[in-house]
Amino acid sequence: MKVSQISVFLENKSGRLAEVTQALADNNINIRALCIAETIDYGVLRLIANDPALAKKVLSERGFTVTETSVLVVEVEDKPGGLARVIKVLAQSGINIEYIYAFLTRSEKAFVVFRLENMDEAAAALQKAGVRVLTGAEIYAL
Amino acid sequence: MAQAFFWNREAECLPRPQLEKLQLERLRSVVARATERVPLYRQRFAEAGITANDIKSLDDLRRIPFTVKDDLRDNYPFGMFAVPMDEVVRIHASSGTTGKQTVVGYTRGDIGVWAEVIARTLGAGGATKGDIVQNAYGYGLFTGGLGLHYGSEFLGAAVIPISGGQTKRQVQVMQDFGTTVLCCTPSYALVIAEAAAELGVDFSKLPLRVGFFGAEPWTDGMRVEIEQKLAIDALDIYGLSEIIGPGVAYECLEKAGLHVAEDHFLVEVIDPGTGEPVAPGQRGELVFTTLSKEALPLIRYRTRDLTVLNAEPCACGRSCYRMQRVTGRSDDMLIIRGVNVFPSQIESVIVGIKGVSPHYLLVVDRKPGKMDELEVWIEISEETFSDEMKELERLEQLVLSEIESVLGLSVRVKLVEPKSIARSEGKAKRVVDRRDLFK
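For the record, the sequence lines run as chains A and B.
The first sequence begins at 4 in my numbering and counts up one residue at a time.
The second sequence begins at 52 in my numbering and counts up one residue at a time.
One or more hints might be untrue.
[To be verified] With a Cα cut of at most 30 Å, we get these calculated BS3-like pairs of lysine-lysine:
{"hint": "1", "chain 1": "B", "residue 1": "K306", "chain 2": "B", "residue 2": "K280"}
{"hint": "2", "chain 1": "B", "residue 1": "K470", "chain 2": "A", "residue 2": "K60"}
{"hint": "3", "chain 1": "B", "residue 1": "K441", "chain 2": "A", "residue 2": "K60"}
{"hint": "4", "chain 1": "A", "residue 1": "K91", "chain 2": "B", "residue 2": "K441"}
{"hint": "5", "chain 1": "B", "residue 1": "K421", "chain 2": "A", "residue 2": "K59"}
{"hint": "6", "chain 1": "B", "residue 1": "K480", "chain 2": "A", "residue 2": "K16"}
{"hint": "7", "chain 1": "A", "residue 1": "K59", "chain 2": "B", "residue 2": "K306"}
{"hint": "8", "chain 1": "B", "residue 1": "K180", "chain 2": "B", "residue 2": "K107"}
{"hint": "9", "chain 1": "B", "residue 1": "K441", "chain 2": "A", "residue 2": "K5"}
{"hint": "10", "chain 1": "A", "residue 1": "K60", "chain 2": "B", "residue 2": "K405"}
{"hint": "11", "chain 1": "A", "residue 1": "K60", "chain 2": "B", "residue 2": "K306"}
{"hint": "12", "chain 1": "A", "residue 1": "K16", "chain 2": "B", "residue 2": "K465"}
{"hint": "13", "chain 1": "B", "residue 1": "K465", "chain 2": "B", "residue 2": "K480"}
{"hint": "14", "chain 1": "B", "residue 1": "K421", "chain 2": "A", "residue 2": "K16"}
{"hint": "15", "chain 1": "B", "residue 1": "K405", "chain 2": "A", "residue 2": "K59"}
{"hint": "16", "chain 1": "B", "residue 1": "K470", "chain 2": "A", "residue 2": "K16"}
{"hint": "17", "chain 1": "A", "residue 1": "K16", "chain 2": "B", "residue 2": "K441"}
{"hint": "18", "chain 1": "B", "residue 1": "K418", "chain 2": "A", "residue 2": "K16"}
{"hint": "19", "chain 1": "B", "residue 1": "K405", "chain 2": "A", "residue 2": "K16"}
{"hint": "20", "chain 1": "A", "residue 1": "K59", "chain 2": "B", "residue 2": "K180"}
[Said to hold, decoys possible] Listed next, with one range per pair, are the computed distances between beta-carbon atoms:
{"hint": "21", "chain 1": "B", "residue 1": "S456", "chain 2": "A", "residue 2": "K5", "range": "39 to 45 Å"}
{"hint": "22", "chain 1": "B", "residue 1": "M52", "chain 2": "A", "residue 2": "T42", "range": "53 to 59 Å"}
{"hint": "23", "chain 1": "A", "residue 1": "K16", "chain 2": "B", "residue 2": "P364", "range": "32 to 38 Å"}
{"hint": "24", "chain 1": "A", "residue 1": "T42", "chain 2": "B", "residue 2": "I142", "range": "40 to 46 Å"}
[Stated by the list, open to error] Residues of chain A clear of chain B, computed beta-carbon distances all greater than 12 Å:
{"hint": "25", "residue": "Q95"}
{"hint": "26", "residue": "I98"}
{"hint": "27", "residue": "A132"}
{"hint": "28", "residue": "G139"}
{"hint": "29", "residue": "Y143"}
Note that these hints are calculated values from the structure, not bench results.
Source: prediction; values computed, not measured.
Glycine is no exception: its CB is placed at the ideal position from the N, C-alpha and C atoms.
Throw the hints in and build the complete structure from the sequences for me.
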């Protein structure tokens, strides 16, 4: 159920993000989703790529500090209340969210990426409530 | 010519031959006392084959070995005191090069000498009894606060022991109490000026007249800025706790170098590489011998401060040598907001934190109207990098609190990418000082 996400430490200086995206482009790696969390001094780029192992290798080779993290990706209805339904399940199960971001594809579905306090418990609670939790293979192939 | 003021005209204007005679007497006396009472000196003078009786002229001084800061560390805390503890009435301390502080002690007589040289300092700027001295140097182990305090009282001025910080209150007190004399670090003077300007204070209407600024390096540019913004004369004061604290040397209103209180502190300038005296007027390292100190006599103490000594008489009439404002260090010590910082102190903290790379960079900056800032750059590593911001913040906070507790100074920690701090062969460059003080 867990999906591999690549996180990259980026100092706040111009051109750093461009180097990441170029490295991925050069290796024909497609980005499915991404977000950046930032502070005054640095940012943490989180991305889901179609080939996480290759993405990690390529970025490490170019001198970036990279870590691999597990996240859950769930499908929500792309309409009002779609996300609310999923979050409610987590709230009722008492599961804390570390961070969250979302992406769309060319379908009627939206996808939400979760980093949670207790991933296994969360996956079980979501599936029990009828929420579709995607596998890595499904995401990479989107 | 500026008007000349004196606290102790006789001592400050003593003709050179008399001054040098006094220095020689006192030098022989301090060497005799140190030999008798301080094991380190007894051993070192024996090795050098020198006794007090061998000192026939001031030139014989250079036969005596140097004393360095590490000697104080090796004899921590009181091993170099030359009097029993029941004669010590005060203890101060400042940063050492590693974990241990440099500890200094004072007898009642030493406190008297210290108050005397501070009274000379304040007197040289025209301060006298009747003045109201706002002392915004920090009170505590740091010698600035209590040094200026006792000297102001000795002068007969009314001293306000406000200490540093709480800038709005400083401005309020300055207005309400009618402060005429300000003592603090030069960068704090600018912070006060900035705060006062925001509050709409017009300094030309206040009785504030003169300020004594030291404990950190500053420039003539800063002097002009302070003088304009606060509508005062801004004078430099020099000292170091090992020798006595502030008051070792001070400016008169000529503002043409700092007069060394030579009847108490014998001054030399040496080549830091060879240890030999430099030619007159050449830049070198300041070396002091305390001529009258009782609790902690130091003989040929290397300050690591670089400057130039000027033997020309000053227009004010003082006979003592003048030193230029300190223009550098012969070691890597930084002075930040009056606190001595050695990169080695920070290094020892960083290598003690698991997973943190030993590569670091210290960036010192002084932004307009702000106090000096120390930024500690730490490289993130595979081991310490986490995808969760709160983990990164926790790491920053850990490094920050460890460094602050060692330095006693607030700093900023910045995480940077691995290998982004330049590596160099041999001695790594650990400090970037953007204050441009020594150019």
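Outcome of the hint check:
1. Only pairs whose Cα atoms come within 30 Å are accepted, and B/K306 paired with B/K280 is accepted, the gap being roughly 18 Å.
2. Among the hinted pairs, B/K470 with A/K60 is consistent with the structure: their alpha-carbon atoms are about 18 Å apart, no more than 30 Å.
3. For the hint linking B/K441 to A/K60, the alpha-carbon distance of about 26 Å falls within 30 Å, and the restraint holds.
4. Between A/K91 and B/K441, the direct Cα distance comes to roughly 24 Å. Compliance with the 30 Å bound is thereby established for this hinted pair.
5. Our distance criterion of 30 Å between C-alpha atoms is broken by B/K421 and A/K59, whose separation comes to about 43 Å.
6. Between B/K480 and A/K16 the CA atoms are separated by roughly 21 Å; this keeps the pair inside 30 Å, and the hint holds.
7. In summary, the hint linking A/K59 to B/K306 is not supported, as the alpha carbons are separated by about 63 Å, beyond the 30 Å threshold.
8. For the hint pairing B/K180 with B/K107, the CA-to-CA distance comes to about 41 Å; that exceeds 30 Å, so the pair is violated.
9. For the suggested pair B/K441 and A/K5, the alpha carbons sit about 22 Å apart, so the restraint of at most 30 Å is met.
10. Distance hint between A/K60 and B/K405 is fulfilled; the C-alpha atoms sit about 25 Å from each other, no more than 30 Å.
11. A threshold of 30 Å between alpha carbons decides the hint, and for A/K60 with B/K306 the separation of about 63 Å lies outside it, so the pair is violated.
12. As the CA atoms of A/K16 and B/K465 are separated by approximately 13 Å, the hinted pair is consistent with the 30 Å bound.
13. For the hint pairing B/K465 with B/K480, the CA-to-CA distance comes to about 17 Å; that is within 30 Å, so the pair holds.
14. About 25 Å separates the Cα atoms of B/K421 and A/K16, which keeps this hinted pair within 30 Å; it holds.
15. Our distance criterion of 30 Å between C-alpha atoms is met by B/K405 and A/K59, whose separation comes to about 24 Å.
16. Distance restraint check for B/K470 and A/K16: the Cα-Cα separation of roughly 15 Å lies within the 30 Å cut-off, and the hinted pair is therefore satisfied.
17. Our distance criterion of 30 Å between C-alpha atoms is met by A/K16 and B/K441, whose separation comes to about 22 Å.
18. With a C-alpha separation of about 21 Å, the suggested pairing of B/K418 with A/K16 holds against the 30 Å cut-off.
19. At roughly 27 Å between alpha-carbon atoms, B/K405 and A/K16 fall within 30 Å of each other, so this suggested pair holds.
20. Using a Cα cut-off of 30 Å, the hinted pair A/K59 and B/K180 is violated, with the two alpha carbons roughly 73 Å apart.
21. Range check, B/S456 to A/K5: about 40 Å between beta-carbon atoms, so the 39 to 45 Å window is met.
22. The beta-carbon spacing between B/M52 and A/T42, approximately 56 Å, falls within the hinted interval of 53 to 59 Å.
23. Range check, A/K16 to B/P364: about 55 Å between beta-carbon atoms, so the 32 to 38 Å window is missed.
24. With their beta carbons about 42 Å apart, A/T42 and B/I142 fall inside the hinted range of 40 to 46 Å.
25. Against chain B, the non-interface label of A/Q95 holds: every CB pair exceeds 12 Å, the least being about 24 Å.
26. In this structure A/I98 is separated from chain B by more than 12 Å, as the shortest Cβ-Cβ distance comes to about 16 Å.
27. Against chain B, the non-interface label of A/A132 holds: every CB pair exceeds 12 Å, the least being about 26 Å.
28. Listed as a non-interface residue, A/G139 keeps its Cβ farther than 12 Å from every Cβ of chain B; the least gap is roughly 17 Å.
29. The claim that A/Y143 is not at the interface with chain B holds, since no C-beta of that chain comes within 12 Å of its own (minimum 19 Å).
The earlier numbered hints that this structure contradicts are 5, 7, 8, 11, 20, 23.
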